[in-house]
Structure formats: C-alpha cells, structure tokens
Amino acid sequence: MPELYDLVNTYKPEVIWSDGDWGAPDTYWKSKEFLAWLYNDSPVKDTIVVNDRWGIGDTCNHGDIYTCQDRYNPGVVQKHKWENCMTLDRGSWGFNRKATLDTYLKLTDLTTLLAETVSCGGNLLMNVGPTHDGRILPIFEERLRQFGDWMKVNGEAIYGSKPWTHQNDTITPAVWYTSQKSGSETTVYAILLKWPEADVLHLGAATPSPHTTVSLLGYHGNNFKWAKSSTGMQVQIPAIPFNKMPCDAAWVLKLTALSS
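When you read off a place in the sequence shown, starting at 1, and then add 5, the result is the number in our numbering.
Among the hints, erroneous ones may be present.
[Stated by the list, open to error] What follows is a list of derived Cβ distance ranges for each label pair:
1) 215 with 248: 28 to 38 Å
2) 84 with 204: 36 to 46 Å
3) 135 with 215: 46 to 56 Å
4) 135 with 105: 43 to 53 Å
5) 29 with 214: 32 to 42 Å
6) 45 with 25: 52 to 62 Å
7) 223 with 62: 44 to 54 Å
8) 30 with 216: 38 to 48 Å
9) 147 with 30: 24 to 34 Å
10) 187 with 243: 23 to 33 Å
I should point out that these hints are in silico values taken from the structure, not numbers from a laboratory.
Values in this document were obtained by computation on a predicted structure and should not be read as measured data.
Beta carbons are placed, not taken as given, at the ideal position from N, Cα and C, and that holds for glycine.
Kindly produce the complete structure, drawing on both the sequences and the hints.
Next comes the structure, spelled out in structure tokens:
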C-alpha cells in the first residue's frame, strides 16, 4: 500500500485499478485508510476513480466502478457503473510466448464484446500483454489498429452513449442498441453484429415516426428506406459494393426521430 501513496503523489492518476485482492480482507491491505486519504486529502481527491478490488468481499460491492470478475458481462443494465475487463489473448493477461493465432480475439470478437457491454451501460477495458521490455507484439498492434479504424467510423455510437430503452433487439438478436440525447431529441444506434443476409432488416425494438431517418455510419450513399410494421420497422438494405462498405465488422445504423 505505501507504493500507492507514492504513485498518487508522484503521477496524479485519474484511475486506480486495484487487483490481486483475493488473498486477504481489506483490513489486511489497509484499503479503507488509503481510500479515505485518496478521496479526502490526496492531490486527486476531486477527480480520481477507483474499481472494486480492495479485499475479500469488496468486489462488486464497493468502488466507483464494479468489475465483479474478469470478463464480467451481465447482459442487462446495472444500477451501478461497471466495467468489462478483458484481454486480447484468451489465455493470458501478460506476455504469452506459447500463444497461437487462434488464441487472440479477432475484430469481430472485439466489436461483439463492445456492443454487448456499451449497450448495457458498461465500459470495456481491453488488455494487451507487452514483452518484458515493454514492446507490443505485432498481433496486438494489428488488432488495436483494426479496432481504432472501426471506432473512427462508428465512435458516435460508443463515446458518451447511454443505454437505450432496449439493449438488444426483440426480433433480430444480433442487433444491440445505444443512444445519444441532444436536448429533447434522442438518436438511437443499432449495432449489427451480422450483416443482413436478406435485403430487409426487421427491427422489433424500434417504432418509427413519419420523420424517422435511417443511415449507415460511414456510408456516403443515401439514407436507407424503411417501412413501419406491426412488430416495429423494416429497413431496406441496399446492395453496397464491398469497397464502399464503411467497416469490416459490426455495422451501425443511425435511427433518428423514433416514436419509441
């Protein structure tokens, strides 16, 4: 624990992510004393955010952000702020010399985890394991760059978003929702984990109004046509050439002026 005091005073972090707490209760680690100092007297007392791993029994009970367990993904909105901490290497949080290509998550895996997490109000913590001298392996760099390219196209559906009334669709299960609010207007984002095989996408959670528009983030063509149905709405999916597709995974439809 003395090291934490030194880290805070020296580097003034915005986040402290504690781990390895399972060996003893918080009384052993003197977590309460540290947190009392952190929130009341430290140089970051007004800005610091901490997780929940401060001793046996504290996880998922105390902290600004609950992590509960590694790869925590409840699938529903939580009352407390939470985080899904995961790693690109399925088998290790650190450098793994024996890892093979199928050990690493693909872009489709990452965008799926992101959609499932953010739609329920969670934060996604993505870990990579560097070598002993701090180098990032090319496979990690490739995945991070792919993910960054995806975020450049679809970031407005993620950054600053809030859970919508529905987290995933009632008819097409591979669709997850987020939302952004500006004044009295709410924009809904439907994240498609699979590109529709047919030319019509059925959305059961979205009820359109006469003013509704549907567009594909990153696509420079026209808005998509749609029709109201007894179970929600049907979106006409046009034939888009491969070289005109905005991204390689998890395409996002932007829905405006929905009635619900």
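For each hint, the structure was consulted:
no.	hint	in the structure
1	215 with 248: 28 to 38 Å	holds (34 Å)
2	84 with 204: 36 to 46 Å	holds (41 Å)
3	135 with 215: 46 to 56 Å	holds (54 Å)
4	135 with 105: 43 to 53 Å	violated (19 Å)
5	29 with 214: 32 to 42 Å	violated (57 Å)
6	45 with 25: 52 to 62 Å	violated (25 Å)
7	223 with 62: 44 to 54 Å	holds (46 Å)
8	30 with 216: 38 to 48 Å	violated (57 Å)
9	147 with 30: 24 to 34 Å	violated (42 Å)
10	187 with 243: 23 to 33 Å	holds (28 Å)
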